[in-house]
Amino acid sequence: MPMTRILAAIFVLSFVLCTGPSALRAADCEDTIARHMVGQALLAAHFVALAEKAGMTPGAINAILKSVAEKSAMQEFWITDSAGHAYLTNTGIDFTFSPDSAKAPQASAFWPLINGSKDIVIQGARKREIDDQIFKYVGVGGVDKARIVQVGVGAGNLCK
0 MPMTRILAAI FVLSFVLCTG PSALRAADCE DTIARHMVGQ ALLAAHFVAL AEKAGMTPGA
60 INAILKSVAE KSAMQEFWIT DSAGHAYLTN TGIDFTFSPD SAKAPQASAF WPLINGSKDI
120 VIQGARKREI DDQIFKYVGV GGVDKARIVQ VGVGAGNLCK
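If you're matching positions, the sequence shown starts at 0 in numbering that gives the first Met the number 0 and goes up one per residue.
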């Protein structure tokens, strides 16, 4: 009986020691990724503001966003107008953010970027509303006007 308790205690201690740091590393990793994504979203916000001010067309801006996504871990850009319509994106998907959390639980979390009640929204990795893929999204408000500037990374590019 005492040997069973000792073995059980060793097993529990080993489990805690082996999984505890992994969970901490995963949380640290997700936090680090989020901070990088905030920087990328801010850069995208400034790029779009300057590109539009310079007279670039949405098609030309989308081509640059697509090129950046193809050459980096940043997989998606969703940049809206003040009504929440993502007219700038590398995905080619027509999408409009809704403020209604019952209608769009994931996307509605970013609506405060349009109304100015938040400057940054960081969302944990989760299944998307538009399909079953796991993505992590971070968004910032526009630097030139009310809008959402969101960047997304799929599970394949997140820490394992």
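No lab work stands behind these hints, which were simulated from the structure alone.
Beta carbons: idealized from backbone N, C-alpha and C, even for Gly.
Just so you know, not all the hints are guaranteed correct.
Claimed, not checked - Restraint ranges, calculated between C-beta atoms of paired labels, are given here:
#1 Asp93 / Asp27: 18 to 28 Å
#2 Ser81 / Thr56: 15 to 25 Å
#3 Lys117 / His35: 33 to 43 Å
#4 Asp130 / Pro98: 27 to 37 Å
#5 Gly54 / Asp99: 14 to 24 Å
#6 Leu49 / Ala101: 13 to 23 Å
#7 Lys126 / Ala72: 25 to 35 Å
#8 Ile129 / Asp80: 28 to 38 Å
Unchecked claim - In silico SDA-like pairs for lysine to any residue, Cα to Cα no more than 25 Å straight-line:
#9 Lys65 / Lys102
#10 Lys126 / Lys144
#11 Lys126 / Ser97
#12 Lys102 / Ala68
#13 Lys52 / Asp80
#14 Lys126 / Lys52
We went through each hint and held it up to the structure:
1. Asp93 / Asp27: 18 to 28 Å: violated, 37 Å
2. Ser81 / Thr56: 15 to 25 Å: holds, 19 Å
3. Lys117 / His35: 33 to 43 Å: Since Lys117 and His35 have Cβ atoms about 19 Å apart, the given range 33 to 43 Å is violated.
4. Asp130 / Pro98: 27 to 37 Å: With Cβ atoms ~22 Å apart, the hint is violated.
5. Gly54 / Asp99: 14 to 24 Å: violated, 35 Å
6. Leu49 / Ala101: 13 to 23 Å: violated, 37 Å
7. Lys126 / Ala72: 25 to 35 Å: violated, 20 Å
8. Ile129 / Asp80: 28 to 38 Å: violated, 19 Å
9. Lys65 / Lys102: Violated, at roughly 28 Å.
10. Lys126 / Lys144: violated, 29 Å
11. Lys126 / Ser97: Answer holds: Lys126 to Ser97 is near 17 Å, not above 25 Å.
12. Lys102 / Ala68: violated, 28 Å
13. Lys52 / Asp80: Since the Cα atoms of Lys52 and Asp80 sit roughly 15 Å apart, the hinted pair holds (cutoff 25 Å).
14. Lys126 / Lys52: Violated - the C-alpha atoms of Lys52 and Lys126 are around 35 Å apart, more than 25 Å.
In the structure shown, a violation is registered for the earlier hints numbered 1, 3, 4, 5, 6, 7, 8, 9, 10, 12, 14, in ascending order.
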